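Going down the list, the sequences are from chains A and B. FYI, this note's numbering numbers position 68 of the first sequence as 68, with every residue one higher than the one before it. Adding 115 to a residue's 1-based position in the second sequence gives its number in this note's numbering.
Hints listed in this document are in silico derivations from the structure and should not be mistaken for laboratory results. The model shown is predicted, which means the values in this text are computed figures rather than measured ones. All residues carry an ideal CB built from backbone N, CA and C; glycine is no exception. Do not rely on the hints blindly, as some may be mistaken.
Computed footprint of chain B on chain A, listed as stretches where at least three residues anywhere in the stretch have a Cβ under 8 Å from a Cβ of chain B [what the hints assert, rightly or not]:
#, stretch
1, 38-52
2, 107-114
25 Å max Cα-Cα, derived PhoX-like pairs, lysine-lysine [claimed, not checked]:
#, chain 1, residue 1, chain 2, residue 2
3, A, K41, B, K171
4, A, K36, B, K172
5, A, K41, B, K185
Some residues of chain B that are not near chain A, with every Cβ distance over 12 Å (derived) [stated by the list, open to error]:
#, residue
6, S127
7, I128
8, Q129
9, E130
10, Y137
11, S145
12, V165
13, A183
14, A205
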Amino acid sequence: ETGVTQTPRHLVMGMTNKKSLKCEQHLGHNAMYWYKQSAKKPLELMFVYNFKEQTENNSVPSRFSPECPNSSHLFLHLHTLQPEDSALYLCASSQDLSRSQETQYFGPGTRLLVL
Amino acid sequence: TQLLEQSPQFLSIQEGENLTVYCNSSSVFSSLQWYRQEPGEGPVLLVTVVTGGEVKKLKRLTFQFGDARKDSSLHITAAQPGDTGLYLCAVPNRDDKIIFGKGTRLHILP
């Protein structure tokens, strides 16, 4: 138990569906992150939020839309996804923006399959 | 170009054996982290190394940061099934953002 929870753990959706992934951290951290983990690629940083403000969008397609209503919650809204978007989506948090020695705490991830 | 190269990609060994996995780059880093990701879970930080030549031990795991701070190794002594997982190294890039290698997938056979 890392203090970061994600729901749902598994999701299957069609290309025309709209769904949302939820992340909650109980650590009092200020920064939260979305990562994508595919089978043959390194962990890819998607979005970064610091004190609820988006500080980074790593050229992510607009069919992925993040939302951070407060420092404890982070959402990833999904719309019109493609099969190649199937992956494990990981949420993480850190006390402050991730710098060289900052520890990131990861949730268990949402395994997404797009049909 | 992959900033971090981890090798081997896959490793399957018997319980009780020793093993070493590597994280290499042509760049110099101010620090390097090792994470372990068990099946069905997110990565968990094992260690951060910051000084060239630094060695850190975590029970049966020994981490070393290269003298030139370009590479690192992780040595496991007497591997156990609980060591099974994906081992990821991570470093800060020029923008001080953390980037990850592809990882070494380790499987310990009982």
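Checked hints:
1. As drawn, the stretch 38-52 of chain A meets chain B at 5 residues by the rule of a beta-carbon pair under 8 Å; at three or more, the given contact holds.
2. With a threshold of 8 Å between beta carbons, the proposed coverage of the stretch 107-114 of chain A by chain B holds, since 3 of its residues qualify and at least three are required.
3. Of the pairs offered as hints, the one joining A:K41 and B:K171 is violated, with about 28 Å between alpha carbons and a cut-off of 25 Å exceeded.
4. Between A:K36 and B:K172, the direct Cα distance comes to roughly 30 Å. Violation of the 25 Å bound is thereby established for this hinted pair.
5. Simply put, A:K41 and B:K185 have alpha-carbon atoms about 21 Å apart, close enough for the 25 Å limit, and the pair holds.
6. For B:S127, the shortest C-beta to C-beta distance to chain A comes to about 18 Å, beyond the 12 Å cut-off, and the non-interface label holds.
7. Once the 12 Å rule is applied to beta carbons, B:I128 is consistent with being away from chain A; the minimum gap is 22 Å.
8. Annotated as non-interface, B:Q129 keeps its C-beta farther than 12 Å from every C-beta of chain A; the closest such distance is 26 Å.
9. For B:E130, the requirement that its beta carbon stay farther than 12 Å from each beta carbon of chain A is met, with the minimum near 26 Å.
10. Under the 12 Å C-beta cut-off, the non-interface status given to B:Y137 relative to chain A holds; the minimum distance is some 15 Å.
11. Interface exclusion of B:S145 from chain A breaks down, the closest Cβ pair being 5 Å apart, not more than 12 Å.
12. Consistency note on B:V165: stated as away from chain A, yet its beta-carbon is not over 12 Å from all of that chain's, at 7 Å minimum.
13. Remark: the non-interface label on B:A183 is consistent with the geometry, its nearest Cβ contact in chain A lying 17 Å away (cut-off 12 Å).
14. Look at B:A205: its CB is around 8 Å from the nearest CB on chain A, not clear of 12 Å, so calling it non-interface is violated.
Taken one by one, the earlier hints fail for this structure at numbers 3, 4, 11, 12 and 14, listed in ascending order.
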